[in-house]
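Visitor: Next come the chains, spelled out residue by residue.
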Amino acid sequence: MSFNPLQEKGIPLERQLRPWSELNVEPYRKDKVHPYSRARGILMNGIEVEAVIFSHQMARNTLDSEVKRQLAMIRRVEQQQQKVINWLIPGDETTIEVTLGYEQVAVDLTAWLAQNEPDPYLKQVYDFALLEDFDHLYRYANLYELIEGRQADKITSDLTEIMPGRPTIFEHRHPFDEIRRPMTAVAADPQSVLNALTIVAGEQQTMNFYMTIGNRYQEPIARATYLEIGMIEEQHVSHYESILDPAASWFENLVLHQWHEVWMYWSMMQDETDPKVRAIYELHCNMEIEHLQVACELMRKVEKRDPEAILPAKGFERALTFQSNKAYVRQVLESQIDLTSQMSDFVPVSTLPGDDRYFAYQAAVNGDWVPTEEVIRENAAKNGQEYRLETEGPHPVPGLRNGGERKGAETEYARCSRLAA
Amino acid sequence: MLTLVAERGTGEPISLGGALMAGKKVAPDATLLLADDHRTVLGWFDWFQRAEDTPAEAAIGRRICVALLAHMVAEEEIFYPAAAEATGDKALVAEAIREHEDAKALIADLQKARTVGVRYRERMRALAAEIAHHVDEEENRLFPAVRDSGMDLYHVGRLVAARRVDALFNMVGRAGAARAKLSEVAPMPVSKDEARDFFLLGLKNAHAAASQGQTMLEMQVRRLDDYPDVKAALKAHVKNRKVQLKRLETLLDSHGESRSALKEAALDFAAGIAGMANAAADDEVLKNSFAGVAQARFLAAAYESLLVLGEAAGEVQALRPIQQCLSEERALATFLEENLRGTATRFLALRSAAAG
Chain H
1 MSFNPLQEKG
11 IPLERQLRPW
21 SELNVEPYRK
31 DKVHPYSRAR
41 GILMNGIEVE
51 AVIFSHQMAR
61 NTLDSEVKRQ
71 LAMIRRVEQQ
81 QQKVINWLIP
91 GDETTIEVTL
101 GYEQVAVDLT
111 AWLAQNEPDP
121 YLKQVYDFAL
131 LEDFDHLYRY
141 ANLYELIEGR
151 QADKITSDLT
161 EIMPGRPTIF
171 EHRHPFDEIR
181 RPMTAVAADP
191 QSVLNALTIV
201 AGEQQTMNFY
211 MTIGNRYQEP
221 IARATYLEIG
231 MIEEQHVSHY
241 ESILDPAASW
251 FENLVLHQWH
261 EVWMYWSMMQ
271 DETDPKVRAI
281 YELHCNMEIE
291 HLQVACELMR
301 KVEKRDPEAI
311 LPAKGFERAL
321 TFQSNKAYVR
331 QVLESQIDLT
341 SQMSDFVPVS
351 TLPGDDRYFA
361 YQAAVNGDWV
371 PTEEVIRENA
381 AKNGQEYRLE
391 TEGPHPVPGL
401 RNGGERKGAE
411 TEYARCSRLA
421 A
Chain U
1 MLTLVAERGT
11 GEPISLGGAL
21 MAGKKVAPDA
31 TLLLADDHRT
41 VLGWFDWFQR
51 AEDTPAEAAI
61 GRRICVALLA
71 HMVAEEEIFY
81 PAAAEATGDK
91 ALVAEAIREH
101 EDAKALIADL
111 QKARTVGVRY
121 RERMRALAAE
131 IAHHVDEEEN
141 RLFPAVRDSG
151 MDLYHVGRLV
161 AARRVDALFN
171 MVGRAGAARA
181 KLSEVAPMPV
191 SKDEARDFFL
201 LGLKNAHAAA
211 SQGQTMLEMQ
221 VRRLDDYPDV
231 KAALKAHVKN
241 RKVQLKRLET
251 LLDSHGESRS
261 ALKEAALDFA
271 AGIAGMANAA
281 ADDEVLKNSF
291 AGVAQARFLA
301 AAYESLLVLG
311 EAAGEVQALR
321 PIQQCLSEER
331 ALATFLEENL
341 RGTATRFLAL
351 RSAAAG
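So the sequence lines, in the order shown, correspond to chains H and U. Quick note on the numbering used here: the first sequence kicks off at 1 and runs consecutively. Quick note on the numbering used here: the second sequence kicks off at 1 and runs consecutively.
Treat the hints with caution; some may be incorrect.
Claimed, not checked - Here are some chain U residues pointing at chain H (derived, C-beta under 10 Å): (1) 26; (2) 27; (3) 29; (4) 32; (5) 33; (6) 35; (7) 123; (8) 155; (9) 157; (10) 158.
Stated by the list, open to error - Distance windows between CB atoms, simulated: (11) H/19 x U/39: 28 to 38 Å; (12) U/222 x H/393: 49 to 59 Å; (13) U/222 x H/402: 49 to 59 Å; (14) H/390 x U/223: 50 to 60 Å; (15) H/312 x U/290: 47 to 57 Å; (16) U/194 x H/56: 42 to 52 Å; (17) H/213 x U/223: 49 to 59 Å; (18) U/215 x H/246: 28 to 38 Å; (19) U/55 x H/246: 14 to 24 Å.
No lab work stands behind these hints, which were simulated from the structure alone. Using N, Cα and C, we set each Cβ at its ideal position, and we do this for glycine too.
Isolated chain H (complex conformation) (with noise of 0.2 Å):
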């Protein structure tokens, strides 16, 4: 199943633009669509997105008035393929279902990342955040039991389950410790690049969507959970996007973005089950085969470099695809619950000495109100208890269990922080 894009013929860019009646496509039934269906979709936007804002700070650093031409017809035509695929999600699917659509997202998909991911040292970096969004796609569906009054398995199904991971309230840290070392995109494997510009991507539109969003209700408990996890975000995209290759040209930067954007699409296209929209993924590729071959081109004309030089010469081996994950959830769980990190490097919690500067930064944020954990105990008293869906059975971590069942256990994190208190 290899594909290689340059080897392939894309839609010619001035053929590329669509009128506002093809744009404006007909969104999803939301008691119909499938939880993966909808997550390609959540995933493709921020792709998109990524592209847009990469090729504005591109533009703003180009003295070549052609050159920023080009890049502004690529633009207009992403702009497009954006508003296609995030018009998808109806307008009666609401802020917190959509959120809910996005934490399954950064669930499965980093879940996926860190499974196929050949560089030890990235592998570390995926299941380590991966057990924070986790967590918050559990906060967000108690926020939703309690404001709406729906449970959040109608929306991600039981193909993921919903249970604390790394508490949010011990996920607040110190930036200087958010700050990977980054890989080197001619020395890394392919793989590697792909996977870092698809979670760099994912993880920025969550952080614009939670700065943008958090704001639109009126329940306190509510403003106040966005706004907490929304910093998260802001942790997560300095997280991921330290170990993108910083000494990248502008145009390496500009060939891979459009090399991944392909990848992507060739990816969705593979497992879409809804017939239309596996056709605007089919149509999205050819279109990116064609930016590619664009870049490519600029690459060569004003580089003099040969962009076959940092492209694999075997094109796509395997596709990003959406699948449950939950016995590699709880092994990740089980074994990295307890883990920090300090500078680069992922370490115990319990490790850290008393004065360190995480717990400092704790203090400073949570004060004496922390809103991830008042929305749980605010949706168990309203509805006799928090909201939870464990379908492989008692939590992994005995000292995130459900009240009874945790039998005084607790995790290192509670207890290094009540020490340090």
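Assemble chain U onto chain H, guided by the hints.
Guide: Same frame as chain H, now just chain U:
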């Protein structure tokens, strides 16, 4: 013979010029960049016509003069010589330079004027007509000839953009007065063959200094356990130096220079560097800090002059790796200088603790 300018604003790594040379910005096609300048200044002539009052006219007038001067400097020093060489048509370029002289006389007049009056406006109209004619000549005759010649438009565009921003900086920038002297160095005719010989010699010397310095760095790294920040920076720099040596060797290899010639140069040249290292003196850490700064500045100076020699020798492909080397040595020197006070304090504290 080609004309060489000593200071082209391409040396400072934080400047636009440095960023362009090191490939960190997207370079412009030289002809498009110059044509954009034309559109801008023609628009400003219209703006001058519509100005509401004399203070506004004066401000727009100043802006037009400065922009034109910077544009002309970059053309005369970089674009025209490159265009003459690429097209082989010296007459076309000579005509353009003659037109510049007419424009410059008008600009000098405008800049001398104390007030904006009838005479000032007349001069401005004359300048606008002169420039419109010049633009027409360039865009319809010179630029198409240059594009057809196969000249590397982006490489020349890099140099033109860097030189133009440097000229603007000198005229209106905050540090204008302080930098004026450097830019007063007039364009000078130099021989390409001479430049090539000195360029190769310079490469060998830089190689000798860098490899000698490498030995010293490695020795220092082993002795710096009490100064972790400095140790980490030097350790990282050992890697940079290895790459620098490789870059220099690649350039020398491409000219068929033998490796044994490198050894001779090393013996001949690098004794000064070796003498800076201090093995086991009481205050070796301090002395080695001074030596580290001196060495990095020494290499930066060598690389900086190589940029000029390389350009004069027509070795354009060498400029980018050398600029990279220059940026690395500058960064190390700056880091060590910024840490000197800290190192000295820590040194004293450690010694005091040992004594007490």
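Visitor: Does the CB of residue 27 of chain U sit less than 10 Å away from some CB of chain H?
Guide: Check passed: Cβ of residue 27 of chain U comes within 6 Å of chain H, closer than 10 Å.
Visitor: Let's test the interface hint: is any C-beta of chain H closer than 10 Å to that of residue 155 of chain U?
Guide: Interface hint status for residue 155 of chain U: holds (8 Å vs cutoff 10 Å).
Visitor: A range of 49 to 59 Å was offered for this pair. Does it hold for the Cβ distance of residue 222 of chain U and residue 402 of chain H?
Guide: With Cβ atoms ~56 Å apart, the hint holds.
Visitor: Against chain H, run the beta carbon of residue 158 of chain U and see if the smallest gap drops under 10 Å.
Guide: holds (9 Å)
Visitor: Tell me if residue 26 of chain U is really an interface residue toward chain H, meaning its C-beta lies closer than 10 Å to one of theirs.
Guide: Holds, because the Cβ-Cβ distance from residue 26 of chain U to chain H comes to roughly 4 Å (cut-off 10 Å).
Visitor: Under 10 Å is the threshold here; is the Cβ of residue 35 of chain U close enough to any Cβ of chain H for the hint to stand?
Guide: Residue 35 of chain U check passes; min Cβ-Cβ to chain H is 9 Å, inside 10 Å.
Visitor: Do residue 19 of chain H and residue 39 of chain U keep their Cβ atoms within the hinted range of 28 to 38 Å?
Guide: Because 33 Å falls inside the window, the suggested range holds.
Visitor: At a threshold of 10 Å, is the proposed contact between residue 33 of chain U and chain H supported by beta-carbon distances?
Guide: holds (6 Å)
Visitor: Looking only at beta-carbon atoms, does the pair residue 213 of chain H, residue 223 of chain U fall within the given range of 49 to 59 Å?
Guide: holds (57 Å)
Visitor: Do residue 194 of chain U and residue 56 of chain H keep their Cβ atoms within the hinted range of 42 to 52 Å?
Guide: About 47 Å separates the Cβ atoms of residue 194 of chain U and residue 56 of chain H, which means 42 to 52 Å holds.
Visitor: Less than 10 Å between beta-carbons is the criterion; does residue 32 of chain U satisfy it with respect to chain H?
Guide: At about 6 Å, which falls below the 10 Å cut-off, the nearest Cβ of chain H leaves the hint on residue 32 of chain U intact, so it holds.
Visitor: CB of residue 390 of chain H to CB of residue 223 of chain U, is that within 50 to 60 Å?
Guide: holds (58 Å)
In the structure shown, a violation is registered for the earlier hints numbered 7, 19, in ascending order.
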